[in-house]
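A.B. asks: Below, each chain spelled out in residue letters.
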Amino acid sequence: MNKVLSGFVLVALIVSSIAIIGMATPFKVAFVTPSTINDSAWSQSMYDALMTIQNEMGEGNFQFVYSENMFVISDAAAAIRDYASQGYDLVIAHGSQYGGSLVDIAPDFPNTAFAWGSTANTFSDQGITNIFSYQPYSEQGGYVNGVLAAKLSESGIMGVIGPIETGDAKRYTEGFEQGVMATNPNAKVSVTWTGSYSDVSLAAETARTMIKSGADVLTGTSQMVIGAIGVAKKEGAIWFGYDVDQAPLAPKIVVSSVIVDWTVALRPMIDAIQSGTMGGTVYDLTLANGGLKIAVNAEGLVGKTIEGIINGDIKVGE
Amino acid sequence: MTWAVIVGILSSGIRLATPYLYAAVGETIGQVSGVLNLGVDGVMLMGAYVAFFVALRTGSLSLGLIAGAGIGAMFGLIMAFISVTLKAEQGISGIGLYLFGLGLSTFLFGVTIKNVQTIDGFPDLAIPALSRIPVIGEIFFQHNILVYVAFALVPIAWFVLNKTPFGLKVRAVGQNPEAADSLGVNVSRVRYLTVTLGGMLSGIAGASLSIALLNTFQQNLTNGMGFIAVALVYFGGWRVSGVLLGSLLFSTVNAVQLWLQVKGVTIPSDFLLMMPYIVTILVLAAMANRRVNAPAALNKRFERGES
Chain D
1 MNKVLSGFVL VALIVSSIAI IGMATPFKVA FVTPSTINDS AWSQSMYDAL MTIQNEMGEG
61 NFQFVYSENM FVISDAAAAI RDYASQGYDL VIAHGSQYGG SLVDIAPDFP NTAFAWGSTA
121 NTFSDQGITN IFSYQPYSEQ GGYVNGVLAA KLSESGIMGV IGPIETGDAK RYTEGFEQGV
181 MATNPNAKVS VTWTGSYSDV SLAAETARTM IKSGADVLTG TSQMVIGAIG VAKKEGAIWF
241 GYDVDQAPLA PKIVVSSVIV DWTVALRPMI DAIQSGTMGG TVYDLTLANG GLKIAVNAEG
301 LVGKTIEGII NGDIKVGE
Chain A
1 MTWAVIVGIL SSGIRLATPY LYAAVGETIG QVSGVLNLGV DGVMLMGAYV AFFVALRTGS
61 LSLGLIAGAG IGAMFGLIMA FISVTLKAEQ GISGIGLYLF GLGLSTFLFG VTIKNVQTID
121 GFPDLAIPAL SRIPVIGEIF FQHNILVYVA FALVPIAWFV LNKTPFGLKV RAVGQNPEAA
181 DSLGVNVSRV RYLTVTLGGM LSGIAGASLS IALLNTFQQN LTNGMGFIAV ALVYFGGWRV
241 SGVLLGSLLF STVNAVQLWL QVKGVTIPSD FLLMMPYIVT ILVLAAMANR RVNAPAALNK
301 RFERGES
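If you read the sequences in order, they're chains D and A.
Numbered per this note's numbering, the first sequence spans residues 1 to 318.
Numbered per this note's numbering, the second sequence spans residues 1 to 307.
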């Protein structure tokens, strides 16, 4: 009787394992992010990229889940560990504050790949082999915005509103300043760090302060800048965006936005994981490889130019 | 330091103080009657969300404001029910209310508006004649309507709390509810009124952000302002004049640090950002010896006929 039973179990096991091998298992990604996926900035850009990849590969081959609002690092670490233990192929910890947690977690899950940014650090120097990293060359986009800003500013005074002087925000700001100075060496760029990624009220008041001090062109990074965009729209100042195309927020005043297209990092990362490499690579996002794009808002730039010709601010053919 | 900078700082300070004033005056009224509501931030978020949503969909800022005040009053009513009728521990239920408001406003924003949008909020309204006065006019009389109302609220709240029979009842209920009860004051009814009124003002505080000062809504728009408002009530020693002083001090120092950064003063930004908090702590320390009359029954549940 026992032999019959064990034989039956054996057959059942073989059949079921054939069934599992025969079924195409989708590539599963988990995404942990500090703000909401509709923040018009950092988190939304990654969410949009994951959606794009899902549309390309099809829902049968690519699935992703996310935990948003993971502002508290210990919460994020718990979520990352949770996803890893559930067998996700790739866990993206979308924030430079999550690095310490990854060093703890990644060695425990050698069959899961992790990715984080913005950074060039994959911890391979510590012997960890399953962490990827990604970093946008934000200064390149900042430079382009800076050149345009200096061309459009009448007062020659421009303002940058940043969260904390580090990472993407710092690189973007430095690029912006460089672009302005290369175009108009007499221009003045005033930079204010609010100390917060989410203090919309402080960002708004900073924008007002800058405009009162003579700035007519503003830009900034992180999800708090929607407050500043609101003020710029009300006061008629020009805005340059970052992270996602911010033109829909204020179509008349946004001239261009630097867009980070994370698919440029995600596609080769997924290929690498599927062929067995679990980490160790830094993916750069640049203007050259399409990881950074400049979205020019025709309504803003063209509209401003036409308006300028009509009301005589711009003199053509004289 | 030119005049333009000083004018800029003071007018920034007044704008930044506006949401704190609504919320802290509302909280003062509630606390003077003996109810501590730590959920102010959550109520502000609901007020901000609902006002923005209604203004966005109907195109009417006034309807938005009314809706924001209404949802605030409703949340106040919930707090009153929990703390007065159910006699739950006030501190804990306030935190619960905060988390509820934070979660609900985030959820509703996600399903109804989805992406961050901006609207044209209440425009600046220069008061005729007064706004022409040099310096003074620019500092005080070129703001949107909700800024003026916030400052008008201070003397009104002071008068109601200190010079009317209703104010006397409120204070009596906060100092000695048993005595007030024995004199025929309906303790529960007074507290229901004050906490609902406080909620309404918190709702307006949120609306002042989303449809007058920032003209947008996103998840956790208030960023903890409601908790600063509660602190301002203690700072102000449960007097509306003290709350006014505290709000202006905190906001003006904040405005100073913004202007210093914009003007490119070479002090590390991290240090500048600490300024509002350091100044507040210093002022509190300097005033530590003054007599503060906290409502004796604050944060205590009232059982009728117990004593």
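Please note: incorrect hints may appear among the correct ones.
Said to hold, decoys possible - Derived BS3-like pairs (lysine-lysine); straight-line CA-CA distance at most 25 Å:
hint: 1; chain 1: D; residue 1: Lys212; chain 2: A; residue 2: Lys114
hint: 2; chain 1: D; residue 1: Lys188; chain 2: D; residue 2: Lys151
hint: 3; chain 1: D; residue 1: Lys170; chain 2: D; residue 2: Lys304
hint: 4; chain 1: D; residue 1: Lys212; chain 2: D; residue 2: Lys234
hint: 5; chain 1: D; residue 1: Lys304; chain 2: D; residue 2: Lys293
hint: 6; chain 1: A; residue 1: Lys87; chain 2: D; residue 2: Lys151
hint: 7; chain 1: D; residue 1: Lys170; chain 2: A; residue 2: Lys300
hint: 8; chain 1: D; residue 1: Lys293; chain 2: D; residue 2: Lys252
hint: 9; chain 1: A; residue 1: Lys87; chain 2: A; residue 2: Lys300
hint: 10; chain 1: D; residue 1: Lys151; chain 2: D; residue 2: Lys28
hint: 11; chain 1: D; residue 1: Lys315; chain 2: D; residue 2: Lys293
hint: 12; chain 1: D; residue 1: Lys304; chain 2: D; residue 2: Lys252
hint: 13; chain 1: D; residue 1: Lys234; chain 2: A; residue 2: Lys87
hint: 14; chain 1: D; residue 1: Lys234; chain 2: A; residue 2: Lys300
hint: 15; chain 1: D; residue 1: Lys188; chain 2: A; residue 2: Lys263
hint: 16; chain 1: A; residue 1: Lys300; chain 2: D; residue 2: Lys252
hint: 17; chain 1: D; residue 1: Lys28; chain 2: D; residue 2: Lys188
For the record, the hints were derived by calculation from the structure and aren't laboratory data.
As the structure is a prediction and not an experimental result, all values here were calculated from the model.
A.B. asks: Determine for every hint whether it applies to the structure shown.
C.D. replies: Evaluated hints:
no.: 1; hint: Lys212/D <-> Lys114/A; in the structure: 33 Å, violated
no.: 2; hint: Lys188/D <-> Lys151/D; in the structure: 13 Å, holds
no.: 3; hint: Lys170/D <-> Lys304/D; in the structure: 29 Å, violated
no.: 4; hint: Lys212/D <-> Lys234/D; in the structure: 13 Å, holds
no.: 5; hint: Lys304/D <-> Lys293/D; in the structure: 22 Å, holds
no.: 6; hint: Lys87/A <-> Lys151/D; in the structure: 64 Å, violated
no.: 7; hint: Lys170/D <-> Lys300/A; in the structure: 50 Å, violated
no.: 8; hint: Lys293/D <-> Lys252/D; in the structure: 20 Å, holds
no.: 9; hint: Lys87/A <-> Lys300/A; in the structure: 9 Å, holds
no.: 10; hint: Lys151/D <-> Lys28/D; in the structure: 46 Å, violated
no.: 11; hint: Lys315/D <-> Lys293/D; in the structure: 31 Å, violated
no.: 12; hint: Lys304/D <-> Lys252/D; in the structure: 8 Å, holds
no.: 13; hint: Lys234/D <-> Lys87/A; in the structure: 47 Å, violated
no.: 14; hint: Lys234/D <-> Lys300/A; in the structure: 47 Å, violated
no.: 15; hint: Lys188/D <-> Lys263/A; in the structure: 10 Å, holds
no.: 16; hint: Lys300/A <-> Lys252/D; in the structure: 55 Å, violated
no.: 17; hint: Lys28/D <-> Lys188/D; in the structure: 48 Å, violated
The structure fails to meet hints 1, 3, 6, 7, 10, 11, 13, 14, 16 and 17 from the earlier list, while all remaining hints are met.
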